[in-house]
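Residue numbers (this note's numbering): 699 to 1127.
No wet-lab data here; the hints were simulated from the structure.
Cut-off 20 Å, straight-line C-alpha distance, at most; resulting in silico cross-link-like pairs (EDC-like, lysine to aspartate or glutamate):
{"no.": "1", "residue 1": "929", "residue 2": "947"}
{"no.": "2", "residue 1": "1042", "residue 2": "1072"}
{"no.": "3", "residue 1": "702", "residue 2": "800"}
{"no.": "4", "residue 1": "890", "residue 2": "859"}
{"no.": "5", "residue 1": "747", "residue 2": "838"}
{"no.": "6", "residue 1": "890", "residue 2": "880"}
{"no.": "7", "residue 1": "906", "residue 2": "891"}
Note that the structure is predicted; figures quoted are calculated from it, not measured.
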Amino acid sequence: MTSKYQQTVDWLFNQLPMFQNIGAGAYKPGLETVAALCRAFGNPQLKFKSIHVGGTNGKGSTSSLLASVMMEAGHRVGLYTSPHLVDFRERIRVNGEMITEEGVVDFIERYRAMNLDLEPTFFELTTVMAFDWFARQGCDWAVVEVGLGGRLDSTNIIRPELSVITNISLDHTALLGATEVEIAREKAGIIKENVPVVIGHAEGEVMKVFNHAAAERFSLARFAHQIPSWKSVENTGTHYIYKGTVWGDLRCPLTGDCQPENANTALYAVAFLPGLRREAVARGFERVLENTGLMGRWTVLQSSPTVVCDTGHNTGGWAYLGPRLQAIADSGELNMVIGFVNDKDVSGILGMMPRNARYYFTSASVRRALPAVELRSLGAAADLEGEAYATVGDAFAAAMAAASPASTVFVGGSTFVVADLLSENFSCN
699 MTSKYQQTVD WLFNQLPMFQ NIGAGAYKPG LETVAALCRA FGNPQLKFKS IHVGGTNGKG
759 STSSLLASVM MEAGHRVGLY TSPHLVDFRE RIRVNGEMIT EEGVVDFIER YRAMNLDLEP
819 TFFELTTVMA FDWFARQGCD WAVVEVGLGG RLDSTNIIRP ELSVITNISL DHTALLGATE
879 VEIAREKAGI IKENVPVVIG HAEGEVMKVF NHAAAERFSL ARFAHQIPSW KSVENTGTHY
939 IYKGTVWGDL RCPLTGDCQP ENANTALYAV AFLPGLRREA VARGFERVLE NTGLMGRWTV
999 LQSSPTVVCD TGHNTGGWAY LGPRLQAIAD SGELNMVIGF VNDKDVSGIL GMMPRNARYY
1059 FTSASVRRAL PAVELRSLGA AADLEGEAYA TVGDAFAAAM AAASPASTVF VGGSTFVVAD
1119 LLSENFSCN
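Using the sequences plus the hints, can you model the full thing?
Quick look at the structure:
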């Protein structure tokens, strides 16, 4: 890592309001600033076709599947996701390759030389950096993941060929609304006039919100959960095999319990994309990890003991994680390294965790992290037994020291806990 790049990233992290550090204070709803930034850089978002992916959970996995399929179809594909785990450059990739250090430095130097009368947030500036990089790299397509919400998210400056909304559950309620219906209205803001939209899972009043928004904007809406894209699905432990799709039998190394829903959403979406052949879809699914660098989705990092990390960080994500971890705890030894940020429904998530596991409560190295001692108290109230550790590294070391070769060590609760684990103990690239 060059010193100039490190200085540039430090400036990005420390001089601009950044959500992962300060939470709601870094959220600036509205598109005026990002639109002005795009104009200053020649409107790069208009120089490639795009797919816009929003929703509460599954955005990263679905975005990665779509990008991988389009890459295997021969396109030059940009992928913009957030947050990163270890390296800022993970957020911006072209055909799987992260933006170069020189590319980051060059963009920030050009921005600062403009002396614009603007005060962008970290996410606003990073979004335009991604669009500028995709345009300069000659991307045909970009898959753009919504940062937060949808209607007023910085990414909503694009005019996509397809919109995708994965699902709705309670998250960021202070910013997006206290009910799933209110949150759905914000997420529905990415539905564009005469642009088709695929919704992964929605029922009842939430489905009505999406149908109404689509009808208002003359958008063709498809709900993926109504009809599965395969005849059967098998989990081999290392892959899901989706059998009997219109693209043939598909193998995918994303094995979290939520992944069939994400795969179904992605398969509905690819039906709207032009010129795809069976081989491209099959290779895109099978090579999604190597093509996109995706990490933290029930990622098995080692065996003996098995170490698994997952970035699920809200009640929607833990609706899948909780039962899978309970099954592990019921059949063997489970050690849980857990930490959260302070704006989540922590008590609600703790209530979904197995009681017969050993807990190592910790704090990630971000300012929003819930103190480990406070988390231990909340855990005790939920009948979860364990000790508090000042850092993720300390908690992981204690869990590994106590683990037998046949046991499982799970690390998660917050994306930033996983990020600390990977930074200190494993390589994510």
